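Engineer: Listed here are the chains, written in short residue letters.
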Amino acid sequence: EDQVTQSPEALRLQEGESSSLNCSYTVSGLRGLFWYRQDPGKGPEFLFTLYSAGEEKEKERLKATLTKKESFLHITAPKPEDSATYLCAVQVSRSTGKLIFGQGTTLQVKP
Amino acid sequence: SAVISQKPSRDICQRGTSLTIQCQVDSQVTMMFWYRQQPGQSLTLIATANQGSEATYESGFVIDKFPISRPNLTFSTLTVSNMSPEDSSIYLCSVGKQGAYEQYFGPGTRLTVT
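As you go down the protein sequences, you meet chains L and W in turn. Heads up: the first sequence is residues 57 to 167, going by my numbering. Heads up: the second sequence is residues 774 to 887, going by my numbering.
None of these hints come from the bench; they were simulated from the model. Misleading hints may appear alongside valid ones.
Unchecked claim - As a list, the in silico EDC-like pairs of lysine to aspartate or glutamate whose alpha-carbon atoms are at most 20 Å apart:
(1) L:154 - W:784
(2) L:98 - L:138
(3) L:125 - L:71
(4) W:870 - L:58
(5) L:154 - W:827
(6) L:154 - W:875
(7) L:98 - W:860
If you're wondering where the values come from, they're calculated on a predicted model, not measured in any experiment.
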C-alpha cells in the first residue's frame with residue numbers, strides 16, 4: 057500500500073534557527089513529490105514539485121530535496137511568518153493525478 | 774497557477790440535510806478533484822470530477838453520499854448528502870492542467886454538522 061509519513065508532527069524553532077522536515081514514502085512508483093504550505097483556515101499553497109532522486113528546488117528560505125526513499129524540506133533562518141503546517145504528497149499515477157498526503161508537520165517559529 | 778473559489782466558505786447544517794459546495798476556476802483545467810480534511814487530519818481524496826461523465830470515487834466514498842457534477846472545464850459541485858456529525862470537515866477542491874502535474878487548491882469549505 058502506498059504510504060507517506062512526515063516527521064516530526066510538530067516543530068518549534070526560534071527565529072533564525074535552521075532545521076529540516078522529513079517526508080518518507082513507500083510507493084509502487086513515484087511520479088512526483090509535492091510540498092505544500094497550509095495556513096490555518098486556508099487551502100494548501102503549492103511550494104515545490106520534485107520528480108527524481110537528487111533533484112533540489114529552492115524558494116526564499118525553503119529548499120526541498122529528494123532521494124529514492126524520502127524528501128527533506130530545509131528551512132534556513134526561519135522567520136515567524138514561516139509558521140504553518142507543511143504537507144508532503146506523492147503522486148503515483150500521472151493519468152489519475154491522485155495525490156497521497158502525509159499527516160503534515162506543524163511548524164511554529166518564535167521571534 | 775489558477776484562481777480557485779469555493780462557495781460557501783463555511784456552513785453549519787443539521788444532520789439529515791444535504792449541502793452542495795461549488796468550485797469555480799478562472800481558466801479551463803483538465804483535472805478537478807475533491808478532498809476532505811477532517812479535524813486535525815491530512816487530506817484524503819474523495820473523487821476525481823470528470824467533465825461530461827461520472828466521477829471516479831476512491832475507496833470508502835460512494836456516489837449516493839457524495840454526488841459530484843462537472844458540467845464544464847471550469848466548474849464542479851460536490852454534494853454532501855444525508856449529513857451526520859462525522860461529515861464535519863473541510864472540503865477542498867483542487868485543479869490540475871494538462872501537461873503540468875501540480876495541483877492547486879481552493880480555499881476550502883468548512884462544514885459543521887450538528
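Engineer: Each hint: holds or not?
Structural biologist: Structure-based check of all given hints:
1. Restraint check for residue 154 of chain L and residue 784 of chain W: the C-alpha separation of about 27 Å exceeds 20 Å, so the hint is violated.
2. As the CA atoms of residue 98 of chain L and residue 138 of chain L are separated by approximately 15 Å, the hinted pair is consistent with the 20 Å bound.
3. Taking the CA atoms of residue 125 of chain L and residue 71 of chain L, the gap is about 30 Å. The hint is violated against a cut of 20 Å.
4. Among the hinted pairs, residue 870 of chain W with residue 58 of chain L is inconsistent with the structure: their alpha-carbon atoms are about 24 Å apart, more than 20 Å.
5. About 17 Å separates the Cα atoms of residue 154 of chain L and residue 827 of chain W, which keeps this hinted pair within 20 Å; it holds.
6. For the given pair, residue 154 of chain L sits about 11 Å from residue 875 of chain W by alpha-carbon distance, which is consistent with the 20 Å threshold.
7. At roughly 19 Å between alpha-carbon atoms, residue 98 of chain L and residue 860 of chain W fall within 20 Å of each other, so this suggested pair holds.
In terms of the numbered hints stated before, the structure departs from hints 1, 3, 4, listed from lowest to highest.
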